[in-house]
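Student: If you're matching positions, the sequence shown starts at 1 in UniProt numbering and goes up one per residue.
The set of hints was computed from the structure by calculation and includes no laboratory data.
Note that the structure is predicted; figures quoted are calculated from it, not measured.
Check the hints yourself; a few may be wrong.
Unchecked claim - Okay, the calculated beta carbon distance ranges per label pair:
(1) Gly207 to Lys121: 31 to 39 Å
(2) Tyr261 to Thr180: 54 to 62 Å
(3) Pro148 to Ser111: 51 to 59 Å
(4) Ala338 to Ile122: 32 to 40 Å
(5) Gln146 to Asn175: 37 to 45 Å
(6) Lys373 to Lys323: 30 to 38 Å
(7) Gln5 to Gln367: 50 to 58 Å
(8) Ser111 to Pro308: 43 to 51 Å
(9) Asp81 to Arg309: 54 to 62 Å
(10) Asp75 to Phe157: 55 to 63 Å
(11) Asp81 to Gln2: 39 to 47 Å
(12) Arg300 to His68: 31 to 39 Å
(13) Gly302 to Gln367: 45 to 53 Å
Said to hold, decoys possible - Straight-line alpha carbon distances no greater than 20 Å define the calculated DMTMM-like cross-link-like pairs of lysine to aspartate or glutamate that follow:
(14) Lys131 to Glu93
(15) Lys337 to Glu347
(16) Lys373 to Glu363
(17) Lys324 to Glu277
(18) Lys281 to Glu93
(19) Lys279 to Asp59
(20) Lys121 to Asp84
(21) Lys346 to Glu363
(22) Lys324 to Asp109
(23) Lys281 to Glu123
In this text, a Cβ means the ideal position worked out from N, Cα and C, and glycines have one as well.
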Amino acid sequence: MQTFQADLAVIGAGGAGLRAAIAAAQANPNAKIALISKVYPMRSHTVAAEGGSAAVAQDHDSFEYHFHDTVAGGDWLCEQDVVDYFVHHCPTEMTQLEQWGCPWSRRPDGSVNVRRFGGMKIERTWFAADKTGFHMLHTLFQTSLQFPQIQRFDEHFVLDLLVDDGQARGLVAMNMMEGTLVQIRANAVVLATGGAGRVYRYNTNGGIVTGDGMGMALGHGVPLRDMEFVQYHPTGLPGSGILMTEGCRGEGGILVNKNGYRYLQDYGMGPETPLGEPKNKYMELGPRDKVSQAFWHEWRKGNTIPTPRGDVVYLDLRHLGEKKLLERLPFICELAKAYVGVDPVKEPIPVRPTAHYTMGGIETDQQCETRIKGLFCRGRMLVRWLTWRQPSGLQLAGRAGGLRPPGRGAGHAARRSGGRGKRRRPRCAGCRCGAAPERSRQPGR
Numbered sequence: 001m002q003t004f005q006a007d008l009a010v011i012g013a014g015g016a017g018l019r020a021a022i023a024a025a026q027a028n029p030n031a032k033i034a035l036i037s038k039v040y041p042m043r044s045h046t047v048a049a050e051g052g053s054a055a056v057a058q059d060h061d062s063f064e065y066h067f068h069d070t071v072a073g074g075d076w077l078c079e080q081d082v083v084d085y086f087v088h089h090c091p092t093e094m095t096q097l098e099q100w101g102c103p104w105s106r107r108p109d110g111s112v113n114v115r116r117f118g119g120m121k122i123e124r125t126w127f128a129a130d131k132t133g134f135h136m137l138h139t140l141f142q143t144s145l146q147f148p149q150i151q152r153f154d155e156h157f158v159l160d161l162l163v164d165d166g167q168a169r170g171l172v173a174m175n176m177m178e179g180t181l182v183q184i185r186a187n188a189v190v191l192a193t194g195g196a197g198r199v200y201r202y203n204t205n206g207g208i209v210t211g212d213g214m215g216m217a218l219g220h221g222v223p224l225r226d227m228e229f230v231q232y233h234p235t236g237l238p239g240s241g242i243l244m245t246e247g248c249r250g251e252g253g254i255l256v257n258k259n260g261y262r263y264l265q266d267y268g269m270g271p272e273t274p275l276g277e278p279k280n281k282y283m284e285l286g287p288r289d290k291v292s293q294a295f296w297h298e299w300r301k302g303n304t305i306p307t308p309r310g311d312v313v314y315l316d317l318r319h320l321g322e323k324k325l326l327e328r329l330p331f332i333c334e335l336a337k338a339y340v341g342v343d344p345v346k347e348p349i350p351v352r353p354t355a356h357y358t359m360g361g362i363e364t365d366q367q368c369e370t371r372i373k374g375l376f377c378r379g380r381m382l383v384r385w386l387t388w389r390q391p392s393g394l395q396l397a398g399r400a401g402g403l404r405p406p407g408r409g410a411g412h413a414a415r416r417s418g419g420r421g422k423r424r425r426p427r428c429a430g431c432r433c434g435a436a437p438e439r440s441r442q443p444g445r
């Protein structure tokens, strides 16, 4: 078994993991950082985010409005001091991404363009056409390459954590290309492995979103919290669950039942808004949980459209016109044609609710540290602090960097623990390779 020594190990190389590694490298330039991912970083699931990320950007907006929209969207269950920290730091983080090269869409006057999303009083969704996640992830990946102390372990599947006397000491991973085991010793570990959406048959998540980090943490006695909170996005393609971004409705798309009726006005989201003039918190821009629940009620009434892949309603974008669709939602047009054979310029898109976000995750304190000393968590695994029932404030920035303490804190923790850690072999709960070298070729679990 190969053994590598690092000061900090970051598990997961999506937006959250990359941002944590960058923050740690900036906080402690002499630290050696291991970045472990079961895919090449640009294939991480952050790349699939389409719509955008929320941050105050306009003079008539405010941190108070953003705070209220987020807390109200979470049915007042959010940790409000964490939300307050988040909304105050988001604009700085979004500007930082721009300085690193993220091409936010612009207005004719050169200012950052923002669009409407559900649950917002005021438009504050920064976006890069309809490939926001791709551009954010590409920006973070390119930035990470500037730090030679970040050593990547691509296509390595982490099997278990190494924990010794309540202190995180590294991890054991399998090199998926070679089938060999690798031990990475570290003084602090950051878990940034994303949610667990693939446990549902129909979901918007990629094949790698399987809750690995949650399982490893639970195996070492770290409690999971609020796992019953799972958001269903109201507009996924039937069969595949592929996401039709909320940006479709933010640009003016409408939802209709089999009778061509805009049914959301019957479920507390009226009055009906004019075509092409979406209004925050009304109709199609209502909170995601309410829009998804309205579909269920329509299905019970027999107002949905039966298809071989399940009942659907229609997402109609035709009134927006070809020019606007190809300019603002080009990727959506490609997806609709490829997966359901529909040209949104000419036909409505069949959609249905699909599992989207795992709001629950690993329990941490407000510095994102778990009950195991030196084990931190960030991204989708802890975003429950912000959103609980539903991320109405569109908290992509929380995953990519709006909550930076895990990276900085882990970097400082790695420096504080000093040296290269204890010499004794720590045990891992699964393969126990540290305790039984003769079994080291068995992946365990």
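Student: Hint by hint, note whether the structure agrees.
Tutor: Status of the hints after comparison with the structure:
1. Gly207 to Lys121: 31 to 39 Å: For Gly207 and Lys121 the Cβ distance comes to about 37 Å; the hint holds.
2. Tyr261 to Thr180: 54 to 62 Å: Because 60 Å falls inside the window, the suggested range holds.
3. Pro148 to Ser111: 51 to 59 Å: At roughly 36 Å between Cβ atoms, Ser111 and Pro148 fall outside 51 to 59 Å, so the hint is violated.
4. Ala338 to Ile122: 32 to 40 Å: holds (34 Å)
5. Gln146 to Asn175: 37 to 45 Å: With a Cβ separation near 26 Å, Gln146 and Asn175 fall outside 37 to 45 Å, so the hint is violated.
6. Lys373 to Lys323: 30 to 38 Å: violated (57 Å)
7. Gln5 to Gln367: 50 to 58 Å: Violated: the Cβ-Cβ distance is about 25 Å, outside 50 to 58 Å.
8. Ser111 to Pro308: 43 to 51 Å: holds (46 Å)
9. Asp81 to Arg309: 54 to 62 Å: Taking Cβ atoms as reference, Asp81 and Arg309 lie about 44 Å apart, which means the hint is violated.
10. Asp75 to Phe157: 55 to 63 Å: Since Asp75 and Phe157 have Cβ atoms about 37 Å apart, the given range 55 to 63 Å is violated.
11. Asp81 to Gln2: 39 to 47 Å: holds (43 Å)
12. Arg300 to His68: 31 to 39 Å: holds (33 Å)
13. Gly302 to Gln367: 45 to 53 Å: holds (51 Å)
14. Lys131 to Glu93: With Cα atoms ~18 Å apart, Lys131 and Glu93 stay inside 20 Å; holds.
15. Lys337 to Glu347: Roughly 10 Å between the alpha carbons, so the hint for Lys337 and Glu347 holds.
16. Lys373 to Glu363: Holds: Lys373 and Glu363 sit about 13 Å apart, inside 20 Å.
17. Lys324 to Glu277: Given that 20 Å is the threshold and the Cα spacing comes to 14 Å, the pair holds.
18. Lys281 to Glu93: Violated. Lys281 to Glu93 sits at ~26 Å, over the 20 Å cutoff.
19. Lys279 to Asp59: This hinted pair holds, its Cα atoms lying about 19 Å apart.
20. Lys121 to Asp84: Answer holds: Lys121 to Asp84 is near 17 Å, not above 20 Å.
21. Lys346 to Glu363: violated (47 Å)
22. Lys324 to Asp109: Since the Cα atoms of Lys324 and Asp109 sit roughly 18 Å apart, the hinted pair holds (cutoff 20 Å).
23. Lys281 to Glu123: Distance of about 11 Å is within 20 Å: holds.
In this structure, the earlier hints numbered 3, 5, 6, 7, 9, 10, 18 and 21 are contradicted, and the remaining ones agree with it.
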